[in-house]
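Visitor: Put the two chains together into one complex, using the hints given.
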Amino acid sequence: MSTVNHDSLVLGIDTGGTYTDGVLLAYHARKVLATRKSLTTKRDFAIGIDNVIDGIRIEDPAAISMVSVSTTLATNAIAEGKGKRVALFLIGYDPELIANFKLQARFATPHYFYFAGGHDLYGREKAELDLAGILAQVLKIKDHVDAIAVSSYFSPLNPEHEQRAYTAIARVCDLPVVLGHQLSTRLGSVERATTAALNASLLAVLQDFIIAVRRAMERRGIVAPLMVVRGDGTLMSDEFAARTPVETIHSGPAASAIGGRFLSHLEDALVVDVGGTTTDLALIEGGQVRISAEGASVGGPAGEYKTAVQAANLLSIALGGDSHITLARDGQLAIGPERVLPLAHLAAEHPDVAKRLHALVRRQWSQASPDWLEYWHLLREPPQSFLADASNRQIALIDALRDGPQPVPELLKRLKALHVGQLDAAELHRQEIIGKAGLTPTDLMHVQGSHAPWDVESAGLALEVFSHHVPAPGGGRGSDPGAVCARVWQRVTEMAAHAIITFLSGKKLDPPGAVDPERDASFAPWFFHHSLYGSHPYLQPEIRLKVPIIGIGAPAGLFLGPVAAALRTDLILPTHHEVANAVGAVAGSVMVSEEVLVYPRLNEIGLEVLGYYVQTGEERAEVDDLAPALARATTLARERALGGALRSGADNPQVVVEQQSDGLDMYRIRARAMGNPRLS
Amino acid sequence: MRPDTQKAYDLICEQIITLALPPGQAINEQQLAQSLGLPLAPVQEALKLLADDHLVRVTPRHGTYVADVNVPDLDQISELRLSLESLAARLAAQRAGPDDLAVLRALREEQLAAHAADADARRLLEIDHKFHQAVASIAGNRYLAQTLDHFFGLSLRLWHLLWAGPKHPDAESLPKAVEKHLDLVDAIERHDPAAAERIMADHVAKFYEDVRAHLSGLA
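Each protein sequence line maps, in turn, to chains A and B.
Okay, so the first sequence: first residue is 1 according to our numbering, each after it adds one.
Okay, so the second sequence: first residue is 1 according to our numbering, each after it adds one.
A few of these clues could be false.
Stated by the list, open to error - Capping the alpha-carbon separation at 30 Å, the derived lysine-lysine pairs in DSS-like fashion look like this: (1) K130/B to K48/B; (2) K140/A to K180/B; (3) K180/B to K507/A; (4) K355/A to K306/A; (5) K48/B to K140/A; (6) K306/A to K102/A; (7) K180/B to K142/A; (8) K130/B to K84/A; (9) K306/A to K508/A.
Please keep in mind that the hints were generated in silico from the structure rather than gathered at the bench.
Extracted from the complex, chain B is given alone in its bound form (with noise of 0.2 Å):
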């Protein structure tokens, strides 16, 4: 990829995310790319690779938007994302070496570290993030990974959603996050694959609840 439109991407990717640029925004390239300081070329590549990640829909008569959240769609990517974390954790809880469960454990400590310095909801996602994606690809199958990467940045936003909402969501949550990752480590040092399944499964479907009950809070 082209340094300018890895650039594009992070930045426009980022104000995703973080709602910069709320669901539903629709987007004039001239002026985006104006206000990231880039050329218009590599912000034009970056929508379209966005688009393949789904957090931006290009349509061919109303130009370009950033991707809505709506309830029909989350019930999809959630179907999808329980059964393929799970299966991520499954086979991470066999597959990981030695240097795989060092990660883990660092993350492990970061995490508690920054709950115990009682970091920011941005920072604990952050690094929540950071292990589902090394979860993902400790689990060694790289198409998994590939597909999993492929949804982390709508699950990101979903999360933004929840935590800059109006309605705050239970502040309790994410130290339950915390402490099923903790298990989590735990099943996959053991080699339990099927512990290591079922608390992924958990966690992710509590995850999907509260970003429902948060939107029908909305709606």
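Isolated chain A (complex conformation) (with noise of 0.2 Å):
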């Protein structure tokens, strides 16, 4: 213990969708010293982020030199609409190739703008800026948007437009302005301008999170530097993640990665956090996060938006502990998507709760559907705000969810609806002021005992109406809670292994469940099936992972086991690794990176060669030869990622540069600075 007396104290935080987990580490012994979990409150992250902070056992807060967070906040906030509003305009772009590929779905918010100007491929301008047209959208617009994000096109070679752009709507307005060529510099055009477009609409969300968290610091007596985790699983200073936080979409699943490689000393492999909504798979390759060629993708309300933010190459999927188990017409079993509060959970925190299921385990069968086992409850009271404008049904709702939670037949007839549709509950559930419960994988754990923290009779009375309603295999009603428990496991085996086999592999495979593996003509879900079961007379398929799996999260042990085993491969699951995201959130580098473009400088009719240009983000020189040209961009690259490095706390970062030919002799300079925080 003598060496962890002199060790840095360091808190690491992941907010992710069910949880908030937090881990006090002794930093250089990498021992885990307190753990902290609480639910997170989706509408309000800094709530959970408080529970921990002021939670977690602490002996002397003051000690502590550094605190970092990763979350799912911008995630969140992009998944739900809850972004601020964005003027997106757009320098040079071809409005009637966007329209024909149906391109400005992807641009991330309704109100883009077209202006003549943007660059060509060798950074010439392709026609002239037309600011007078910016400026007089900028005052239209101005007061009915929150931030304005500027991409012009080809802009990483040449940031002219989007820098003019910039001068001129400060000078007129004092909404932020967020500029494509400073996020990325990668060519696709669309990819630049959706990450401009959501950087600027999550600027205002992702400074409420850091004043939150340095309250909570605060109030605890912590004075550390904040940082917060990258896509990627780097680090960055609060003050960088707050002008990029664009740059935090993922960060949590790659905090994972990072934690269950820090826990297991593990250079190869595969790393499945299982948690209460998701399970997110990644890899680790050589101790280090595999990182994704193309950037990250996120989840919009309208569809999938792509940008040019550098991530972790990783795969969620909607299944976790709390996923709600469901019977289906067919009699199919169904886990998720949706994630719901387990009823062992609720049923010990509402004891009335235990006693409807008491009396529902003596109804007659026909009288105790499965609808009855799924419950509503409050969760807290509606603001006034909400109420002002509520409909009827919608205060019925809460009237009667003040006297208790209950299953949703009996709000039906409460409420004299005839089905759910009725009740005008979505925008309830939305804003997290009723929560619903039901049967999950949690419950089960409490029946077999794996894993059981609330009320395990409540559990099993549930499990025992459900599996009234269950198809026996061979046809028939009713089926055995046991068996009951090994289909919905044999089921979340397949899924798990479905997404990790697809994830490797890249390619398409239907979902279990999806088609009948013996009757369906192709070969794909036949050979799935048996290298699982294994019950083909003569051939024996078999899928073999090639690394080990970690395994992270609560229920890791036993979602994972049988996946592991399905898969021929081992499934390590390291001390702590039921908070390994959180571990992952200050075991990462600090990073910063820096790339300097150099191409040709052309004459007119771009048949010679005069020179090169070296395109930093502000600033272009002008160097006669490709050699001295590269040598100066090199030295660029290094001198800023270095000085980046050191003031976002890297403690002693070094640098790796890396040239790369993009073709069409145009090259591209990475610096990479990396360092451990720098711990105060």
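Guide: Spelled out as structure tokens, the structure:
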């Protein structure tokens, strides 16, 4: 312990979709000293963070030398359309092309405007910049949006039009302005526009979040640098994060992968993080998180947004410990995609629910359909602002739930509705005023005794009722609860194995249960099925995972044991794997990456190379020959990355420079400066 | 600047300028942080920056106060602004390029539109403020722009004092300010430094006359 006393203490926090986890770590000894788990409140991520910071056992808060946070805040805000309103100014883009390929849906904002200008592949001005048009539009829209994003055609090669637009816009209004070339040096113009728009929409969201974390730290007497995890698992200072919130997309799963690696000391593995809502997959290769070759994609209300942001290569599926187990009409079991509160948890907090479940078991089976296992409950009193515009149905529903949690059929009866759609509850669910509870894998773990922090008896009663309605394998009504448990785990295994195989192969495969592998004509479902179950009389197909699985999250052991067996590999569950995500939030390196582009300067007709441009984010220099241009670019990239890493809180950062040719006599010099965080 | 310090600075500056925190008011850092929903540390940082801007006064014995508005101070500030803003207008007329003119024209359009739409004083004030900032930045001298920026907060507060006070100033003064701006844009467009300098000098002088009249009316 004496080494721990002299070690630096760091606090890592991960705000996931279901839980917010905190871990106090002795940094150099890699020793977990305390952990804390709290439910995430999606409408305000700060609540979970407050609970974790207030509740975690810390003997001397003043001794903490760094706090680092990974968060699904950005991903969540985008998915639910909760970002701020953004006007996107597109300079030199071809509106017809965008419309023909229906690319406008990817801009992540309905307010986008086209203007003349932009550059070509050699950084030459394509058309004169329509600054008057831009300013007129700014004045028209500035009172209706919260931020402005500007993306100009080929701006990474020549950001002049973005910069001129910025200078002019900043002179006529006070809105924050985001420029595309500052976020990405990739040439894809639509991705750059999307990235700029998303970044602009998240500025205030992340700023508020950082302030909330800082407040909680101050209340607890913690004075330390605050870092935020990027989507590739590296760290940036809160100051950087407030300017580039878009880089936090996917930071949660990336932190899990880093934490899994840190705790297991494995250099190559598949990291599988089983949370309450989702299961996330990421790869560790040679001790590093594998980065996606394409930019991070993130789901928005109207579809998928492709960004130019670097992020871990990962796959997230809607399967977790709190996934809702339901029965489809054809008697098939379905697990997820919806996340609900486990019934064992609800019953532990509301004894009335336990009583109701007792009564339910005694009813005739036809009077106790699985609908009776879905409970709604009041999460909080609705704010006055909500009540002012609430419908009669909504108010009646809230009133009914003030008496305690109610099963859905009971609610329908009380509110004289025929089906759930009539209850007008969508907005109440979305704002987390009312919540849903139901049968989940977590309840099954209670019954089987593998993980049982809440009401075991209620979980058992719920499973019994549910099992009455699950068709027996040979036909006929009703199954043994033990057999139903086995079938749920079997489906969980199939879903996880399916995700792993499609993630690693990049190939499509019908999801489990979608086709009958025996009757379907295609080979793939048959191969998958028999690799798992080996039931063919003559053939034994085998899919073997060549690296071990590192399991992360509380349910990982139970979920992933059969998955590892089915894929013929080992499951590694490092000590403290249930909070590896929070460990990963502090275990990453501080990284700043800078790119400098070198490309030829052509004469008017484009046939003769007159020299080379060396283009950094803001400045462009002209050099006569390629070799000195590349040398200059290398020096510039190195210096800029090093300076950025030091400013961002890296301790003794090391710089790696790589040169890459984009073809067409164009070169990309990338410097990455990385170091451990400097502890205060 | 740390993001929470920036936010604290913006919010407190806004409160001082709009007189929500009136001149001379004692500031309790704890309470202020509480009311803004911010940690204490960035609020203290922001108050230091505001002291640099002369909007807050920190005294060793009596704590932190919102800076007073008094006539001797006013005289000194108006002297400085009068000459610096005139200089800015002259340089802007000499140096304005096409992008700069586009900005001034856009602001002129906005001002005319706001005026035609009978916009409230607050709005006209914001536009006026933007206009002065734009001229300072178009002058193309970083140190000049920074020096002026230092005093914009103080000037804005005076505007609010003028318009929020019990004795309303001459209701004509804003329209006149607008006309002055139109003339000024013309002069800069014509690249006529002498005219630009003179118009700006008149404009700023008139403003301080109004403020003085207002303050003496209060006394």
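Visitor: For each hint, tell me whether it holds in the structure or not.
Guide: Hint check results:
1. K130/B to K48/B: holds, 25 Å
2. K140/A to K180/B: holds, 24 Å
3. K180/B to K507/A: Distance of about 69 Å is beyond 30 Å: violated.
4. K355/A to K306/A: Cα-Cα ~49 Å, so violated.
5. K48/B to K140/A: Distance of about 37 Å is beyond 30 Å: violated.
6. K306/A to K102/A: holds, 14 Å
7. K180/B to K142/A: Between K180/B and K142/A the Cα gap is close to 25 Å, so the pair holds against 30 Å.
8. K130/B to K84/A: Given pair K130/B, K84/A holds - Cα atoms ~24 Å apart, limit 30 Å.
9. K306/A to K508/A: OK: K306/A and K508/A at ~20 Å, within 30 Å.
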